[in-house]
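Peer 1: Here is how the chains run, residue by residue.
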Amino acid sequence: MELHDVWFVLIAVLWIGYFFLEGFDFGVGILTKLLARDRKERRVLINTIGPVWDGNEVWLLTAGGATFAAFPEWYATLFSGFYLPLLVILICLIIRGVAFEYRHKRTEDRWQTNWEHAIFWTSLLPAFLWGVAFANIARGVKIDREMEYVGDFWDLLNPYAILGGLVTLSLFTFHGTVFAALKTLGDIRMRARKLALGLGLVTAVLALGFLVWTQADKGDGTSLVAMIVAAVALVGAVGAVKIGREGWSFALSGVTIAAAVAMLFLTLFPNVMPSTLDPAWSLTVSNASSTPYTLKIMTWLAGIATPVVLLYQGWTYWVFRKRIGTQHIAADAH
Amino acid sequence: MDLALAPETLARWQFGITTVYHFLFVPLTISLAALVAGLQTAWVRTEKEKYLKATKFWGKLFLINIAMGVVTGILQEFQFGMNWSDYSRFVGDIFGAPLAFEALIAFFFESTFIGLWIFGWDKLPKKLHLATIWMVSIGTILSAYFILAANSWMQHPVGYRINEERGRAELTDFGAVLTQNTALAQMFHTLTAAFLVGGAFMAGIAAFHLARKKHVRVMKTSLRLGLVTVTISGLLTAVSGDVLGKIMFEQQPMKMAAAEALWDGEDSAPFSIFAYGDVAQGHNKVAIEIPGLLSFLAHNNFDEHVPGINDLNEEMQEEYGPGDYRPNIPVAYWGFRWMIGFGMASLGIGVLGLWLTRKKFLLPQSMRVGEDEVPHLVLFKKALSPKFTRWYWLVALWTMLFPLIANSWGWIFTEMGRQPWVVFGVLKTSAAVSPGVSQGEVITSLAVYTLLYAVLAVIEVKLIIKYVKAGPPELSEADLNPPTKIGGDDRDADRPMAFSY
Chain F
1 MELHDVWFVL IAVLWIGYFF LEGFDFGVGI LTKLLARDRK ERRVLINTIG PVWDGNEVWL
61 LTAGGATFAA FPEWYATLFS GFYLPLLVIL ICLIIRGVAF EYRHKRTEDR WQTNWEHAIF
121 WTSLLPAFLW GVAFANIARG VKIDREMEYV GDFWDLLNPY AILGGLVTLS LFTFHGTVFA
181 ALKTLGDIRM RARKLALGLG LVTAVLALGF LVWTQADKGD GTSLVAMIVA AVALVGAVGA
241 VKIGREGWSF ALSGVTIAAA VAMLFLTLFP NVMPSTLDPA WSLTVSNASS TPYTLKIMTW
301 LAGIATPVVL LYQGWTYWVF RKRIGTQHIA ADAH
Chain A
1 MDLALAPETL ARWQFGITTV YHFLFVPLTI SLAALVAGLQ TAWVRTEKEK YLKATKFWGK
61 LFLINIAMGV VTGILQEFQF GMNWSDYSRF VGDIFGAPLA FEALIAFFFE STFIGLWIFG
121 WDKLPKKLHL ATIWMVSIGT ILSAYFILAA NSWMQHPVGY RINEERGRAE LTDFGAVLTQ
181 NTALAQMFHT LTAAFLVGGA FMAGIAAFHL ARKKHVRVMK TSLRLGLVTV TISGLLTAVS
241 GDVLGKIMFE QQPMKMAAAE ALWDGEDSAP FSIFAYGDVA QGHNKVAIEI PGLLSFLAHN
301 NFDEHVPGIN DLNEEMQEEY GPGDYRPNIP VAYWGFRWMI GFGMASLGIG VLGLWLTRKK
361 FLLPQSMRVG EDEVPHLVLF KKALSPKFTR WYWLVALWTM LFPLIANSWG WIFTEMGRQP
421 WVVFGVLKTS AAVSPGVSQG EVITSLAVYT LLYAVLAVIE VKLIIKYVKA GPPELSEADL
481 NPPTKIGGDD RDADRPMAFS Y
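Read top to bottom, the protein sequences are chains F and A.
Per the UniProt record's numbering, the very first residue in the first sequence carries number 1; after that it's consecutive.
Per the UniProt record's numbering, the very first residue in the second sequence carries number 1; after that it's consecutive.
If you're looking for bench data, these hints aren't it; they were derived computationally from the structure.
Virtual Cβ for every residue (Gly too), placed ideally from N, Cα, C.
Keep in mind that a hint or two might mislead.
Claimed, not checked - A few chain F positions that, by computed beta-carbon distances, are all more than 10 Å from chain A: (1) 55; (2) 61; (3) 73; (4) 78; (5) 98; (6) 103; (7) 105; (8) 106; (9) 245; (10) 294; (11) 298; (12) 301; (13) 321; (14) 322.
As the list claims (entries may be wrong) - In silico DSBU-like cross-links for lysine-lysine, where the CA-CA straight-line distance does not exceed 30 Å: (15) A:56 <-> A:428; (16) A:466 <-> F:40; (17) A:428 <-> A:214; (18) F:40 <-> A:387; (19) F:40 <-> A:428; (20) A:246 <-> A:214; (21) F:322 <-> A:60; (22) F:296 <-> A:428; (23) F:322 <-> F:194; (24) A:462 <-> F:33; (25) A:60 <-> A:462; (26) F:322 <-> A:127; (27) A:387 <-> F:142; (28) F:40 <-> A:214; (29) A:127 <-> F:33; (30) F:194 <-> F:142; (31) A:428 <-> A:462; (32) F:322 <-> A:360.
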C-alpha cells in the first residue's frame with residue numbers, strides 16, 4: 001500500500017467523520033420544523049447540538065484542506081467543477097453558523113422566527129446537496145483530458161444524484177432524530193422516538209434503492225460487504241429505537257452512514273473522480289496526488305493530531321452528556 | 001473579453017472582498033480571545049467581581065464577532081479550489097499542507113473549546129473553564145501562524161522545486177516553508193497589529209461608557225487594559241513593520257518601490273510624504289519627500305542605493321520575459337500610507353490616553369479618584385475642561401476603527417503589491433484562475449457573497465451596538481458559584497442552563 005492509498009482511506013475517514021457528526025446536527029436543524037411544536041421545543045433541539053456543531057463542522061474544513069494537500073488535482077477539479085452546488089452549500093453554512101449564534105441575541109419574535117427559518121433551510125439544503133455531490137463523484141462526471149469538469153450544472157442533477165441527495169437528506173434526518181431522542185427529556189423525546197421509526201422506514205427504502213443501484217453499476221465483493229453492513233445497521237438502528245435503546249440506535253445509524261460512505265469510496269478506488277468521457281481521463285490516486293514527501297508530512301500530522309482531536313472532541317460530548325428538557329431552557333432569551 | 005469582466009478580474013475582486021471582510025473579524029478574534037482570557041484569569045485569581053463582569057461583557061462581544069470570523073473563514077478553505085483551480089493544481093503539493101495543519105490543529109482546537117467555553121459556565125469547574133478560553137486563544141494564534149506561513153510562501157517561495165513534467169511546484173523542505181524569515185516576520189507583524197485592533201476596541205468602548213459615567217468600575221479596568229494593549233502592540237507593530245519592510249526590500253523590491261512611488265533608483269533615496277504621479281509616463285508630478293529616509297528604512301543606512309520601479313521593471317523583463325511587472329502603483333502607494341497612518345494614529349491616541357488617565361504615577365494628589373469614579377483626564381497638573389474631556393472620549397471611541405482600517409490596507413497593499421504574481425516570480429495571477437468556471441458563475445457568486453456579507457455586516461454591527469450599550473451584566477448566584485464537578489453539580493436536576501442558544 002502506497003502513501004496515496006493511505007491518503008485515499010484517510011480522506012474517506014474524514015468525510016465519514018464529517019457526515020457522522022454534522023449529519024446529526026443537520027438532522028436536528030431539520031427537526032426544528034419537523035418535530036418541535038413551539039419555540040421552547042425548538043430551543044431544546046438547538047441546544048442539544050449547541051456546544052458541538054462548530055467542532056463538527058471543522059471535519060469538513062479538514063476534509064477540504066487534506067484533499068488540497070494530498071490530492072491537489074482532486075480538490076481543484078471537484079471544487080471548480082461542482083461550483084454552483086458548493087456555492088449553495090457555503091452560503092448555507094455561513095448563514096447557519098450565524099443563525100445559531102444570533103437567534104437568541106434579540107427578543108423580538110420576528111428576529112427569532114427568521115433565524116429559525118434559516119436554521120431549517122440551511123440544514124436541509126446541504127444535507128441534500130452533499131448526497132448529490134457524492135453520488136456524482138461515485139458515478140463519474142464529464143472530465144476532459146486536462147482534468148477539467150466540462151459538464152454543466154444540470155448534468156449534476158441526474159436521477160442517480162438526486163436519489164443520492166434524498167438518501168443523505170433522509171439518513172441525516174433519521175440520524176438527527178435518534179440523536180434528539182438520545183439527548184432530550186420528556187414529551188419531545190417520546191415524539192422523537194416515534195418519528196424515528198417512520199423516518200427510518202423512508203430512509204431504508206431510499207437507501208436500499210441507491211445502494212443497490214450503486215452496487216449493480218460499479219460494485220464488487222468489498223462494496224457488497226459495505227452495503228450489507230449499511231443495510232443491517234440501518235435495520236438495527238430502527239429496531240433499537242423501537243425498543244427504546246437510543247444509544248444503540250444512534251451508534252447504528254452512525255455505522256450506516258460510515259458504511260454507506262465507505263461503499264462509495266470502495267467503488268471509486270483507485271479512481272478519485274472518474275471521467276464519463278474517457279476512462280483514461282479519470283483522476284486517480286496516483287495522477288491526482290501530491291509527492292510522497294508531502295504525503296509523508298501529512299501522514300505524520302494525521303497520525304499525531306487525529307487521535308488528540310478525537311480525544312478532546314469526545315471529552316466535550318462527555319461534558320455535555322446530560323439530557324435537556326424544556327425545563328432547562330431559561331425563559332430569558334439570553 | 002472585456003477586461004473588467006474577465007474571470008481573472010472577477011475572481012480577484014471576489015478574493016479581495018471576501019478576504020478583507022474576513023479579516024475584519026480575524027484580528028479582533030485573535031486579540032479579544034487573549035484579552036478575555038486575561039480578564040477571566042484575573043477573576044479566577046482575585047475573585048474581584050469586576051473582572052467577572054468584564055469577562056462576560058467582552059466575552060459576549062467576542063462571541064458575536066467570532067461567529068462572523070468562523071463562517072466567513074469556511075469560504076476561504078474552498079475558494080482556492082473554486083475560483084483558482086489552476087493555482088491549486090500548481091501549488092497544492094506545498095500550499096495544501098499548511099492549510100491542512102491549520103484545520104487539523106488550530107480549527108479543531110478553536111471550535112471545540114469555544115463550545116466548551118460558551119456552554120461550560122455551569123458544566124466545568126472554574127479553573128477548567130478558564131483553561132478552555134486559553135485553548136481558544138492558542139487556537140486562534142496557531143491558525144494565524146499556519147495561514148501566514150502559506151501566504152509567506154506566495155510572497156517568497158522557498159523549499160520547493162518545479163516539476164516540469166507534472167507542471168507544478170513540489171515541496172522539498174517543509175521546515176523552510178514554516179520557518180523562513182518572511183513567515184516569522186509576517187506572523188510578528190500580523191499578531192501585533194491584531195492586538196492593536198483589540199486594544200483600541202476595548203479602549204474605545206470603555207471610553208464610551210466612561211463618558212456617560214456608566215459601569216465605571218468595569219470600564220476603568222477595561223480602559224486601562226485596552227490602552228496598555230494599544231501602546232505595547234502599537235510599538236511592536238512599528239518594530240515588526242520595520243523588520244518586515246526590510247525583508248520586503250530584499251525579496252520584493254518592486255513592492256517597496258511602488259509603496260514609495262520611487263520611479264527611478266537613487267542613492268540616499270527619500271521617503272515620500274505625498275506624491276501624485278503619471279503611471280503611464282513613469283514619474284511623479286508632485287512629490288514631498290524626506291531625503292535619505294527610505295535608504296535608511298531599507299538598509300539602516302542613509303546613503304545606500306534603493307532601486308526604482310522603472311529599473312526593476314526592466315530587470316524583471318529581462319529575467320521573466322516581456323510584460324509589465326508593475327503592481328497598481330497608486331494602490332500600493334496609498335495603501336502603504338493608510339496602513340502606517342491609521343496604525344500610528346491609534347498608537348498616538350492610545351499613548352495620550354495612557355498619560356491622561358495615569359494613576360499614582362506623576363498624578364497630583366488632588367486629581368486622584370476613588371474606585372467608582374471616572375478618572376480625570378490630566379494633561380499636566382490640572383484636569384482637562386469638560387469640553388476637551390468629552391472630545392477625548394469621543395476621539396478614543398472612533399479610534400477603535402483605525403487599526404481595522406490599517407489592517408485592511410496592510411493586506412491590500414501586500415497582496416496587490418505582489419501583482420502581477422500570485423506566487424512571486426513563479427506563477428502569475430492570470431495563470432491561476434479556474435479555466436472551467438464560467439463568467440456567469442463567478443458573477444453569480446460574487447454578487448451573492450457581496451450581498452450576503454453586506455446584510456450580515458448590518459446585522460452584526462447592530463448587535464454589537466446593542467450589547468455595547470447594554471453594558472456588563474449583573475452577576476447571578478450561579479455565576480458566583482461555579483460547579484465543582486465536570487458536567488455540572490447535581491444540586492438541582494431541573495435548573496435552567498446558565499447559557500442556552
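Peer 1: Hint compliance check: list the failing hint numbers for this structure, sorted ascending.
Peer 2: Violated: hints 1, 2, 3, 4, 5, 6, 7, 8, 10, 11, 12, 13, 14, 15, 17, 18, 19, 20, 27, 28, 29, 30, 31, 32.
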